[in-house]
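Student: Model the full structure from these sequences, guided by the hints.
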Amino acid sequence: MTALREILRNNARQYGMVIALAVIVVLFQILTGGLLLRPLNITNLIMQNSYVLILAIGMMLVIVTGHIDLSVGSVVAFVGAVSAIMLTGWGLPMPVVVPLALVLGALIGAWQGFWVAYVRIPAFIVTLAGMLIFRGATMVVLDGESVGPLPQSLRAMANGFVPDIAAVGPHLLTLLLAVLGAAVLVRIQWRMRARDLRFDLPAASSRLTAAKSAATVLVVVVFGAILAVHNGVPIVGLLLIALIAGYSFVMSATTAGRHVYAVGGSEKAAMLSGVKTRRTTFWVFVNMGVLSALAGLVFTARLNAATPRAGTMFELDAIAAAFIGGASAAGGVGTVIGAVVGALVMGVMNNGMSLIGLGVDWQQGIKGLVLLAAVAFDIYNKNRVGARRRSAPVAEPDGGSGSGGGSGGRRDEVAVEEGSR
Amino acid sequence: MSEAPSRTGDILHMRGIGKEFPGVTALADVDLRVAPGEVRALMGENGAGKSTLMKILSGVYPHGSYTGDILMDGEVRAFSGVADSERAGIAIIHQELALVPQLSIAENIFLGNERTRLGVVDWGATVRAARGLLRRVGLDEDPTTPVSLLSVGRQQLVEIAKALSKEVRLLILDEPTSALNEAESDILLGLLRGLRAQGIACILISHKLGEVVRVADTITVLRDGRGIETMAAGAVDEDRIIRGMVGRALDQRYPQRTAEIGEVRFEVRDWTVDHPTQSGRRMADGVGLEVRRGEVVGLAGLMGAGRTEFAMSLFGGSYGRYVRGGLVKDGTPIRVRDVGEAIANGIAYVPEDRKELGLILGDDIRRNLTLAALRRVSSRTVIDKAAEAVAAAELSARMGVRSRDIYQAAGDLSGGNQQKVVLGKWLFAEPDLLILDEPTRGIDVGAKYEIYLVVRRLAAQGTSVLLISSELPELLGMCDRIYAMSQGRITGQMARGEAAQEPLMKLMTMAKA
Numbered sequence: 001m002t003a004l005r006e007i008l009r010n011n012a013r014q015y016g017m018v019i020a021l022a023v024i025v026v027l028f029q030i031l032t033g034g035l036l037l038r039p040l041n042i043t044n045l046i047m048q049n050s051y052v053l054i055l056a057i058g059m060m061l062v063i064v065t066g067h068i069d070l071s072v073g074s075v076v077a078f079v080g081a082v083s084a085i086m087l088t089g090w091g092l093p094m095p096v097v098v099p100l101a102l103v104l105g106a107l108i109g110a111w112q113g114f115w116v117a118y119v120r121i122p123a124f125i126v127t128l129a130g131m132l133i134f135r136g137a138t139m140v141v142l143d144g145e146s147v148g149p150l151p152q153s154l155r156a157m158a159n160g161f162v163p164d165i166a167a168v169g170p171h172l173l174t175l176l177l178a179v180l181g182a183a184v185l186v187r188i189q190w191r192m193r194a195r196d197l198r199f200d201l202p203a204a205s206s207r208l209t210a211a212k213s214a215a216t217v218l219v220v221v222v223f224g225a226i227l228a229v230h231n232g233v234p235i236v237g238l239l240l241i242a243l244i245a246g247y248s249f250v251m252s253a254t255t256a257g258r259h260v261y262a263v264g265g266s267e268k269a270a271m272l273s274g275v276k277t278r279r280t281t282f283w284v285f286v287n288m289g290v291l292s293a294l295a296g297l298v299f300t301a302r303l304n305a306a307t308p309r310a311g312t313m314f315e316l317d318a319i320a321a322a323f324i325g326g327a328s329a330a331g332g333v334g335t336v337i338g339a340v341v342g343a344l345v346m347g348v349m350n351n352g353m354s355l356i357g358l359g360v361d362w363q364q365g366i367k368g369l370v371l372l373a374a375v376a377f378d379i380y381n382k383n384r385v386g387a388r389r390r391s392a393p394v395a396e397p398d399g400g401s402g403s404g405g406g407s408g409g410r411r412d413e414v415a416v417e418e419g420s421r
Numbered sequence: 001m002s003e004a005p006s007r008t009g010d011i012l013h014m015r016g017i018g019k020e021f022p023g024v025t026a027l028a029d030v031d032l033r034v035a036p037g038e039v040r041a042l043m044g045e046n047g048a049g050k051s052t053l054m055k056i057l058s059g060v061y062p063h064g065s066y067t068g069d070i071l072m073d074g075e076v077r078a079f080s081g082v083a084d085s086e087r088a089g090i091a092i093i094h095q096e097l098a099l100v101p102q103l104s105i106a107e108n109i110f111l112g113n114e115r116t117r118l119g120v121v122d123w124g125a126t127v128r129a130a131r132g133l134l135r136r137v138g139l140d141e142d143p144t145t146p147v148s149l150l151s152v153g154r155q156q157l158v159e160i161a162k163a164l165s166k167e168v169r170l171l172i173l174d175e176p177t178s179a180l181n182e183a184e185s186d187i188l189l190g191l192l193r194g195l196r197a198q199g200i201a202c203i204l205i206s207h208k209l210g211e212v213v214r215v216a217d218t219i220t221v222l223r224d225g226r227g228i229e230t231m232a233a234g235a236v237d238e239d240r241i242i243r244g245m246v247g248r249a250l251d252q253r254y255p256q257r258t259a260e261i262g263e264v265r266f267e268v269r270d271w272t273v274d275h276p277t278q279s280g281r282r283m284a285d286g287v288g289l290e291v292r293r294g295e296v297v298g299l300a301g302l303m304g305a306g307r308t309e310f311a312m313s314l315f316g317g318s319y320g321r322y323v324r325g326g327l328v329k330d331g332t333p334i335r336v337r338d339v340g341e342a343i344a345n346g347i348a349y350v351p352e353d354r355k356e357l358g359l360i361l362g363d364d365i366r367r368n369l370t371l372a373a374l375r376r377v378s379s380r381t382v383i384d385k386a387a388e389a390v391a392a393a394e395l396s397a398r399m400g401v402r403s404r405d406i407y408q409a410a411g412d413l414s415g416g417n418q419q420k421v422v423l424g425k426w427l428f429a430e431p432d433l434l435i436l437d438e439p440t441r442g443i444d445v446g447a448k449y450e451i452y453l454v455v456r457r458l459a460a461q462g463t464s465v466l467l468i469s470s471e472l473p474e475l476l477g478m479c480d481r482i483y484a485m486s487q488g489r490i491t492g493q494m495a496r497g498e499a500a501q502e503p504l505m506k507l508m509t510m511a512k513a
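Going down the list, the protein sequences come from chains A and B. Following full-length UniProt numbering, the numbering of the first sequence begins with 1 at its first residue and continues without gaps. Following full-length UniProt numbering, the numbering of the second sequence begins with 1 at its first residue and continues without gaps.
None of these hints come from the bench; they were simulated from the model. Values in this document were obtained by computation on a predicted structure and should not be read as measured data. Among the clues, some could well be false.
If you only want the chain A side, here are some residues facing chain B, beta carbon under 8 Å, derived [unchecked claim]:
1) Arg258
2) Tyr261
3) Ser273
As a list, the in silico DMTMM-like pairs of lysine to aspartate or glutamate whose alpha-carbon atoms are at most 20 Å apart [stated by the list, open to error]:
4) Lys166/B with Asp73/B
5) Lys329/B with Glu267/B
6) Lys268/A with Asp338/B
7) Lys276/A with Glu356/B
8) Lys268/A with Glu356/B
9) Lys276/A with Asp338/B
10) Lys268/A with Asp353/B
11) Lys268/A with Glu341/B
12) Lys385/B with Asp196/A
13) Lys329/B with Glu260/B
14) Lys355/B with Glu267/A
15) Lys385/B with Asp200/A
16) Lys268/A with Asp364/B
17) Lys276/A with Glu341/B
If you want a taste of the chain B side facing chain A, the calculated C-beta under 8 Å gives, among others [as the list claims (entries may be wrong)]:
18) Val339
19) Gly358
20) Leu359
21) Leu374
22) Thr381
For each residue, glycine too, the CB sits at the ideal point set by N, CA and C.
Tutor: Following this line, the structure appears as structure tokens:
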């Protein structure tokens with residue numbers, strides 16, 4: 001039990017956010033009289049928030065490296081506009097347009113990454129410029145007007161569902177996928193535990209793991225069942241699952257991911273450990289460009305038109321999602337799952353508040369307060385944990401001032417007396 | 001030195017000053033008396049307590065955080081901050097100048113102390129007063145010139161003018177000439193003599209024996225946080241001062257050496273590096289040295305000698321601008337254009353500033369340990385986390401890191417344990433040449449010994465070690481051979497048998513020929 005408490009305490013931020021999401025879901029489920037979790041609405045939730053989720057994943061990486069990207073909303077609009085013109089004006093087929101759009105996004109990301117990583121202009125400035133440049137470019141490309149409607153092939157990306165294998169009542173394939181997904185997750189949980197045991201690492205008890213597995217199966221299968229009752233799993237839903245799984249894996253289990261965290265944690269220390277810090281930063285921005293392009297495709301497809309004002313404020317939604325999800329503005333901290341949870345918190349609140357008929361004015365204010373509260377909780381929690389951990393090994397000299405980070409430095413000053421050069 | 005009654009007429013009397021940091025006594029029972037118009041040199045090795053003493057005097061360490069008394073004009077004073085000591089007429093000029101480069105000379109002089117009329121800056125009075133002060137320090141510049149256009153030596157004079165503007169009576173200079181060339185140093189030292197005539201006393205912290213003997217009236221030597229002796233400058237020579245600074249006996253603080261020294265492994269030839277931003281400022285000047293297999297080679301030098309700059313530039317050009325020079329490994333020239341190449345060629349560098357450069361403080365021990373050699377626990381860029389955890393736990397145990405587990409944040413560890421993690425990180429990379437930059441700075445005695453043991457073990461396994469240290473006893477205790485460096489040049493080398501503190505100190509303080 002103490003182990004469990006320790007886990008909860010050390011991961012208060014992650015669990016806190018999941019719990020907060022659960023509370024918000026339950027709250028709006030009650031407030032909307034059960035509308036929120038209706039199959040139709042769940043499907044809508046996924047589709048409405050898909051592009052912000054895609055952006056939030058990329059934004060999390062950018063923020064982990066200690067930067068920010070203000071241009072994503074404009075890039076969404078620009079790539080959407082160019083894609084729409086390629087589809088309708090030039091008549092290019094969808095399978096050609098999608099890769100071209102992603103390459104365009106990569107080029108935009110490379111442009112911004114070059115200025116940030118190699119010229120070392122603060123990302124805030126580079127992407128603020130990008131925000132203006134690509135918004136302007138969108139208007140030029142569209143000539144100030146909307147382009148649409150778009151071919152069904154692209155629209156399916158945002159509005160379509162995975163076709164079923166057999167035409168009987170609920171969506172069979174979706175149910176099958178849910179069961180399969182649950183099985184995979186459970187298998188991963190147990191394999192990780194077995195691995196920990198094999199290497200003599202601290203592992204959760206079998207009962208705790210079983211409880212976790214049961215909860216996982218319950219959530220995944222129920223979720224799948226809800227979707228199956230409606231039209232099945234949306235295509236964009238599958239895309240999201242693939243992105244979340246892929247990026248989580250890259251960030252947590254590959255050298256590339258580790259390098260991203262290292263650059264954000266301490267660029268100098270990372271550089272002196274052989275990490276190619278500039279290259280890492282550059283590719284993080286390229287990645288953001290690609291994901292912005294993907295979000296642009298999905299958003300344009302959903303709207304069935306490219307418009308000059310598309311994507312306005314998306315950057316702020318993505319940034320808010322990353323921070324609500326536990327990223328640190330100082331860099332080096334944050335998880336993909338966190339960003340997803342953060343985006344879902346925002347999405348459920350948007351949806352829930354709309355369902356109970358709250359005006360956009362109130363929605364904005366409340367979302368702002370939630371962002372502030374989440375980060376304040378984060379900082380409060382960090383200071384508390386820091387104070388507890390630090391008080392033991394290093395006693396503050398002469399009564400001490402300040403909190404947290406500064407305490408270590410004092411003792412060194414004795415011997416470092418001449419200071420560093 | 002024991003307590004003595006205050007001489008009448010002393011401007012300053014620091015009486016029985018003691019200062020403790022957790023686990024370390026920085027100062028114990030130090031006395032210091034300065035008469036008006038006296039130039040007092042404060043000398044001692046790095047870590048002897050000079051800066052700590054001056055921080056107490058200038059109020060950086062406030063009253064109550066130290067023991068003993070500060071008397072000015074025979075009256076006990078309790079400074080609770082730098083502002084208090086400034087009001088009492090004490091000004092400290094640090095090695096790193098505290099000027100705002102974009103502002104003009106006049107603006108800098110009166111920064112925080114602006115000449116105003118009815119709350120509005122009176123530019124006429126400001127410039128007039130600045131001009132007068134510049135005359136006093138002998139600086140022929142227009143007061144409206146931005147400070148960024150001045151050389152470091154002239155900036156230093158602006159700092160002194162700034163101090164004079166506050167009616168300073170006691171001026172503290174911390175290594176004022178370390179960044180200056182010969183001519184600039186002469187001007188500055190001449191100015192100190194001039195101030196003496198105006199009744200302004202001066203405490204000069206310096207490593208340069210020549211200038212101390214030339215300019216100081218009296219010399220106080222600190223060693224291990226104690227005031228050892230105070231001598232009249234006219235009565236002593238440089239050797240006498242060196243003996244005062246290093247005169248401590250070596251005891252058994254270093255493990256026995258067992259390594260077999262083999263053939264030459266690494267050779268540095270004519271390594272020359274410039275300051276990254278100040279063009280023409282040589283930080284390493286034609287450095288040549290060699291390190292053999294299993295050999296521990298020391299690099300001795302005082303602050304500013306260019307040891308760290310040399311080492312970091314060698315480590316994949318992590319410092320400054322490369323001018324020329326070559327690196328040879330096992331007889332073959334190698335290229336180290338970035339850190340990745342340096343690591344690939346078997347070079348590892350444990351930085352002096354472990355918090356800033358050595359560790360990612362927010363990351364856990366495991367991630368820090370494996371960062372420099374992730375490929376060893378990954379296949380096709382996918383990290384095998386179990387293998388990583390096992391490797392990290394094994395390394396952590398081998399280094400004797402005391403922590404809860406390998407998932408504890410590096411920032412939560414004590415200095416000694418942090419250093420063990422940095423060292424472990426580079427051990428994991430299995431280097432052929434390990435460069436250690438001040439590896440035991442700020443670390444308690446026990447952890448020091450453990451680090452020495454690791455170095456010995458590595459050498460026994462055939463690793464070449466280059467040990468940079470400001471502590472001569474450490475170099476003498478650990479090294480098979482010691483190079484001395486001064487002003488970016490190698491000024492000599494001594495083998496294990498013949499090396500001793502005094503001749504080394506002489507090489508380390510040798511001026512450019």
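Student: Take the shortest C-beta to C-beta distance between Val339/B and chain A; is it under 8 Å?
Tutor: Holds. Min distance 5 Å.
Student: Under 8 Å, Cβ to Cβ, is where Tyr261/A needs to be relative to chain B, so tell me if that hint holds or is violated.
Tutor: OK, holds: Tyr261/A within 8 Å of chain B, min 7 Å.
Student: Holds or violated: Lys268/A and Glu356/B, Cα atoms, limit 20 Å.
Tutor: holds (7 Å)
Student: Once the shortest beta carbon distance from Ser273/A to chain B is found, is it less than 8 Å?
Tutor: With a minimum Cβ separation of about 4 Å from chain B (threshold 8 Å), the hint on Ser273/A holds.
Student: Please verify whether Lys268/A and Asp338/B have alpha carbons no more than 20 Å apart.
Tutor: holds (13 Å)
Student: Lys268/A and Glu341/B were given as a pair; does the straight-line alpha-carbon distance stay at or below 20 Å?
Tutor: Roughly 17 Å between the alpha carbons, so the hint for Lys268/A and Glu341/B holds.
Student: Do the numbers back the hint for Leu359/B, that is, is its least Cβ distance to chain A under 8 Å?
Tutor: holds (6 Å)
Student: Does Lys166/B pair with Asp73/B here, judged by a C-alpha cut-off of 20 Å?
Tutor: Holds - the C-alpha atoms of Asp73/B and Lys166/B are around 18 Å apart, at most 20 Å.
Student: Against the 20 Å threshold, does the CA-CA distance of Lys276/A and Asp338/B hold or violate the hint?
Tutor: This hinted pair holds, its Cα atoms lying about 9 Å apart.
Student: Straight-line Cα separation of Lys329/B and Glu260/B no greater than 20 Å?
Tutor: holds (19 Å)
Student: Classify the hint on Leu374/B as holds or violated, based on whether any CB of chain A lies nearer than 8 Å to its CB.
Tutor: It holds, given that the least Cβ distance between Leu374/B and chain A is near 5 Å, below 8 Å.
Student: Keeping to a limit of 20 Å between CA atoms, is the pair of Lys385/B and Asp200/A held or broken?
Tutor: OK: Lys385/B and Asp200/A at ~13 Å, within 20 Å.
The structure is consistent with each of the numbered hints, conforming to all of them.
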